[in-house]
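Chains U and A are the protein sequences, given in the same order.
Quick note on the numbering used here: the first sequence kicks off at 1 and runs consecutively.
Quick note on the numbering used here: the second sequence kicks off at 1 and runs consecutively.
These aren't lab readings, by the way, just hints derived from the structure by calculation.
Don't take each hint at face value.
Calculated lysine to aspartate or glutamate pairs in the DMTMM-like style (CA-CA distance at most 20 Å, straight line) [stated by the list, open to error]:
1) A:Lys167 x U:Asp224
2) A:Lys167 x U:Glu279
3) U:Lys178 x A:Glu301
4) A:Lys167 x U:Glu229
5) U:Lys170 x A:Glu138
6) U:Lys355 x U:Glu160
7) A:Lys167 x U:Glu110
8) A:Lys167 x U:Glu210
9) U:Lys170 x A:Glu232
10) U:Lys170 x A:Asp165
11) A:Lys296 x U:Glu179
12) U:Lys178 x A:Asp331
13) A:Lys296 x U:Glu212
14) U:Lys170 x A:Asp175
15) A:Lys177 x U:Glu334
16) A:Lys167 x A:Glu214
17) A:Lys177 x A:Asp193
18) A:Lys167 x U:Glu212
19) A:Lys167 x U:Asp194
20) U:Lys178 x A:Glu232
21) A:Lys150 x A:Glu170
Chain U residues, not near chain A, derived (Cβ > 10 Å throughout) [what the hints assert, rightly or not]:
22) Arg10
23) Glu28
24) Ala30
25) Ala50
26) Gly51
27) Gly125
28) Arg128
29) Asp194
30) Thr244
31) Lys321
32) Ala358
Label pairs and their computed distance ranges (CB to CB) [said to hold, decoys possible]:
33) U:Leu90 x A:Gly288: 54 to 60 Å
34) A:Gly163 x U:Glu28: 33 to 39 Å
35) A:Ala328 x U:Gly8: 57 to 63 Å
36) A:Glu65 x U:Asp271: 36 to 42 Å
37) U:Glu28 x A:Tyr13: 54 to 60 Å
The beta-carbon is built from N, C-alpha and C at its ideal position, and this holds for glycine as well.
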Amino acid sequence: MADVRVEGLRRQFGSLMAVKDVSFVFPEGAVTCLLGPSGCGKTTLLRMIAGLERPSAGTIRFGDRDVTTLAARRRDVAMVFQYPVMYRTLNVVENIELPLANDRTLTVAERRRRVDEAIEILELGDARRLHIDRLNLAARQKVAVGRAIARRAAVTLFDEPTTNVEVHAKLALIRAFKELRRHVRQTIVYVTHDQTEAMTLADQIALMREGEIVQCAPPRELYDQPNSEFGGWFLGNPGMNFLTVQPAEGSGFAVDGVPFPLAAPLLELEDVRFGIRPEYIRIAATPLPDSVPARVLRRAVAIGGQHLVTLAVGGSRIKAKVPPAEGPSRGAPEVGSNVFVVCPIEHAILFHRGKRLAELPRRLGSSAAAGAPS
Amino acid sequence: MSGIRFEGISKSYRDAVALDRIDLDIEPAGLTVVCGPPGCGKSVLMRILIGLETPSAGRILFDGEDIAHMPAAERSIGYVPQSFALFPHMSVFDNIAYPMALQAVPRTEIAARVDQAAGILHIRPLLTKRPSQLSGGEKQRAAIARGILKNADIFILDDPLVGLDFKLRESLMEDLKDMRAELGATFLYITSDPLEALTMAEHLVVMDRGRLVEVGPVDTVYYDPSWLRTVELVGFPRCNVLPARLDATNAMCTTAIGRLSITLENGAASADAMVAIRPEHITSPASGAAPLGIGKVTLVENLGSESVVYVQLHETTLVTTVPARALASLDLGDPFPLAMRPGGPIVFDRASGRRIGRVTSVPEESRDG
Numbered sequence: 001m002a003d004v005r006v007e008g009l010r011r012q013f014g015s016l017m018a019v020k021d022v023s024f025v026f027p028e029g030a031v032t033c034l035l036g037p038s039g040c041g042k043t044t045l046l047r048m049i050a051g052l053e054r055p056s057a058g059t060i061r062f063g064d065r066d067v068t069t070l071a072a073r074r075r076d077v078a079m080v081f082q083y084p085v086m087y088r089t090l091n092v093v094e095n096i097e098l099p100l101a102n103d104r105t106l107t108v109a110e111r112r113r114r115v116d117e118a119i120e121i122l123e124l125g126d127a128r129r130l131h132i133d134r135l136n137l138a139a140r141q142k143v144a145v146g147r148a149i150a151r152r153a154a155v156t157l158f159d160e161p162t163t164n165v166e167v168h169a170k171l172a173l174i175r176a177f178k179e180l181r182r183h184v185r186q187t188i189v190y191v192t193h194d195q196t197e198a199m200t201l202a203d204q205i206a207l208m209r210e211g212e213i214v215q216c217a218p219p220r221e222l223y224d225q226p227n228s229e230f231g232g233w234f235l236g237n238p239g240m241n242f243l244t245v246q247p248a249e250g251s252g253f254a255v256d257g258v259p260f261p262l263a264a265p266l267l268e269l270e271d272v273r274f275g276i277r278p279e280y281i282r283i284a285a286t287p288l289p290d291s292v293p294a295r296v297l298r299r300a301v302a303i304g305g306q307h308l309v310t311l312a313v314g315g316s317r318i319k320a321k322v323p324p325a326e327g328p329s330r331g332a333p334e335v336g337s338n339v340f341v342v343c344p345i346e347h348a349i350l351f352h353r354g355k356r357l358a359e360l361p362r363r364l365g366s367s368a369a370a371g372a373p374s
Numbered sequence: 001m002s003g004i005r006f007e008g009i010s011k012s013y014r015d016a017v018a019l020d021r022i023d024l025d026i027e028p029a030g031l032t033v034v035c036g037p038p039g040c041g042k043s044v045l046m047r048i049l050i051g052l053e054t055p056s057a058g059r060i061l062f063d064g065e066d067i068a069h070m071p072a073a074e075r076s077i078g079y080v081p082q083s084f085a086l087f088p089h090m091s092v093f094d095n096i097a098y099p100m101a102l103q104a105v106p107r108t109e110i111a112a113r114v115d116q117a118a119g120i121l122h123i124r125p126l127l128t129k130r131p132s133q134l135s136g137g138e139k140q141r142a143a144i145a146r147g148i149l150k151n152a153d154i155f156i157l158d159d160p161l162v163g164l165d166f167k168l169r170e171s172l173m174e175d176l177k178d179m180r181a182e183l184g185a186t187f188l189y190i191t192s193d194p195l196e197a198l199t200m201a202e203h204l205v206v207m208d209r210g211r212l213v214e215v216g217p218v219d220t221v222y223y224d225p226s227w228l229r230t231v232e233l234v235g236f237p238r239c240n241v242l243p244a245r246l247d248a249t250n251a252m253c254t255t256a257i258g259r260l261s262i263t264l265e266n267g268a269a270s271a272d273a274m275v276a277i278r279p280e281h282i283t284s285p286a287s288g289a290a291p292l293g294i295g296k297v298t299l300v301e302n303l304g305s306e307s308v309v310y311v312q313l314h315e316t317t318l319v320t321t322v323p324a325r326a327l328a329s330l331d332l333g334d335p336f337p338l339a340m341r342p343g344g345p346i347v348f349d350r351a352s353g354r355r356i357g358r359v360t361s362v363p364e365e366s367r368d369g
């Protein structure tokens, strides 16, 4: 096991820069998910680490070993692809064992132990003597995961392994992966476009966009503290709401002409946006402190019986999540009704030209604002 | 506004019954989602409506006129299929304008309508480009614009977002709803994704194995379903469904997670029942709801604002949704106290799947938490 250090790593396809001079460390023993929209360069980055794609520039090290120019088979990497790559004439045990058979340093007992461990954790016991042809796609993919982990390679790579598996089997695969991880620590790089999968599996997520890693953080932190509007938008279902901020008369700032009474040190900046996640927005029938008038455009039942409410605030649209409740309206306002919304500043993030502003404005009159510079 | 009525529509291929006596009225000027698992017959029903298939029996009334055997070209129905091929040698504008050009719509009107659709779908800057210069999502937007700009009052969208990026789906759902409101047209929207169905629908048609399961306004279908299959198919995460046995008084039932008090609406045909407990009916005992016991976490899916927690309780796995803010970090195998909000879970007859009552409470004696 080793960490993976890439430096100035670049991959160009003609005029397209798929990976733009990425410098990054994948820590030893951690699961790092590369997450991003299609075309962001995550798969190209993974394939360069695997040795399946040649970098246009930059270096790749596993620990202190420079592998940049090494062939894939000399790097000591294990890989799981979108479709399971299997030896079709062999059974489950033989498939998991085969890569271990080439390792002369392993005793027979240790080989058996690793195979049995993988089979037990992945709940493949009933299938151990079955030929691969008899298994469905999801079970084969489990075997592929078991084989990759049993190898104890320096680095284990996953390229969207659940993409082609149906929803139920996908959950079983994710659970098996997590279970396996509790028993065996490996340096894992896991590529996915599925944010739930990344948030569920990763120790840390490297969020990619247009060939670059824009932020790397543990899942909760990445969700709560995005450093860019892109991160706020990309994570979450639906993503973060953004409202354009204008300087207001006197103190504070305004969103679509609606004043927010805050001590705001950002009035000189242009193109500032106020970001707030749907679950933090509160809706009330009557005005509350700091509330702004809004109109209900739509409501729909959403995840876990919540309501997703679409609101017009000034000239903007925002979405709010309302928890499930009893009663005829189920806790959500009627479509067409006029309401008041509160966007709590303590859960808001301000962005300037798409990048997070370090300083949050403080609420006027609150103790925090007393010592604030004017 | 054009109304559609299906009367006794059946379709068989040799021995296989694809549709079995479908009687259905589509609300005019609304967005009706037809949902159900793959192979349930929803696409066949739409293909019959468009005229790509002929029904084996039944009538389709379109403003009162039977169109079941009218040629497809004479039906005034727009269609956005799943995957949409654009003409590679034409600009995006010409691609979108193509069906109207065939209908001999005047050029100035074509230009105005393409502009309107391109505005709603955020593709105005792309109109002069060729399809090869567009991303997958941009192509799909152009394809939707083309399907939607036919002179018609009724549009069928057959799983138009399948295979697209999650974020793209999120924004296209919003755009399609705007589009429908602006056109004031009738949209029939096909999907097998339960969350997409709930997000899009004003009216919901639930299909399974060639039959209609349930039809109604989306809130009624979600909160007040008459059939077990509806609860299984509509909702995300998936509903917890447990076998139950009614006792002699019909006031209690026994399930794998304990005994539950129930009220029956019309009496029971048999003692064999099923209890459907939505993820939101399961909560923590701290909320004041009736405790069910302490289970063991088998998986936590992190959705960002909420987590889907799978908990094993007495050999049964229950699914619940918890706001992420309220959830400390959980590991597999951790203890997880569970409670139930009575009033939500519904009791169904096992053989017929018809609703027979509701769960009212969890009696003290079956609480072990």
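Legend entry - Restraint status (C-alpha distance of U:Lys355 to U:Glu160 at most 20 Å): Judged against 20 Å, a Cα distance of about 29 Å means the pair is violated.
Inset, instruction - For the pair we were handed, A:Lys167 and U:Glu229, check the Cα-Cα distance against 20 Å. - result: 14 Å, holds
Legend entry - Given as non-interface: U:Thr244, which should sit over 10 Å from chain A by C-beta: 17 Å, holds
Legend entry - Agreement of A:Lys167 and U:Glu110 with the hint, judged by alpha carbon distance not exceeding 20 Å: With Cα atoms ~46 Å apart, A:Lys167 and U:Glu110 exceed 20 Å; violated.
Legend entry - Pair hint outcome, A:Lys177 versus U:Glu334 [Cα-Cα no greater than 20 Å]: Distance ~17 Å between A:Lys177 and U:Glu334 Cα, so the pair holds.
Inset, instruction - Verify that the Cβ of U:Arg10 lies farther than 10 Å from every Cβ atom of chain A, and report whether the claim holds or is violated. - result: 22 Å, holds
Inset, instruction - Could you grab the alpha-carbon distance between A:Lys167 and U:Asp194 and see if it respects the 20 Å cut-off? - result: Within the cut-off at roughly 10 Å; holds.
Inset, instruction - With a cut-off of 20 Å on the C-alpha distance, tell me whether A:Lys296 and U:Glu179 pass. - result: Distance ~14 Å between A:Lys296 and U:Glu179 Cα, so the pair holds.
Inset, instruction - Taking the shortest Cβ-to-Cβ distance between U:Asp194 and chain A, state whether it exceeds 10 Å. - result: 7 Å, violated
Inset, instruction - Starting from the hint 54 to 60 Å, judge whether the C-beta atoms of U:Leu90 and A:Gly288 obey it. - result: Between U:Leu90 and A:Gly288, where Cβ atoms are some 56 Å apart, the hint holds.
Inset, instruction - Could you check that no beta carbon of chain A comes within 10 Å of the beta carbon of U:Gly125? - result: Non-interface label stands for U:Gly125: nearest chain A Cβ at 18 Å, farther than 10 Å.
Legend entry - Exclusion check [U:Glu28 not at the chain A interface, CB over 10 Å]: 21 Å, holds
The structure shown violates the earlier hints numbered 5, 6, 7, 13, 14, 16, 20, 21, 29, 31, 35, 36.
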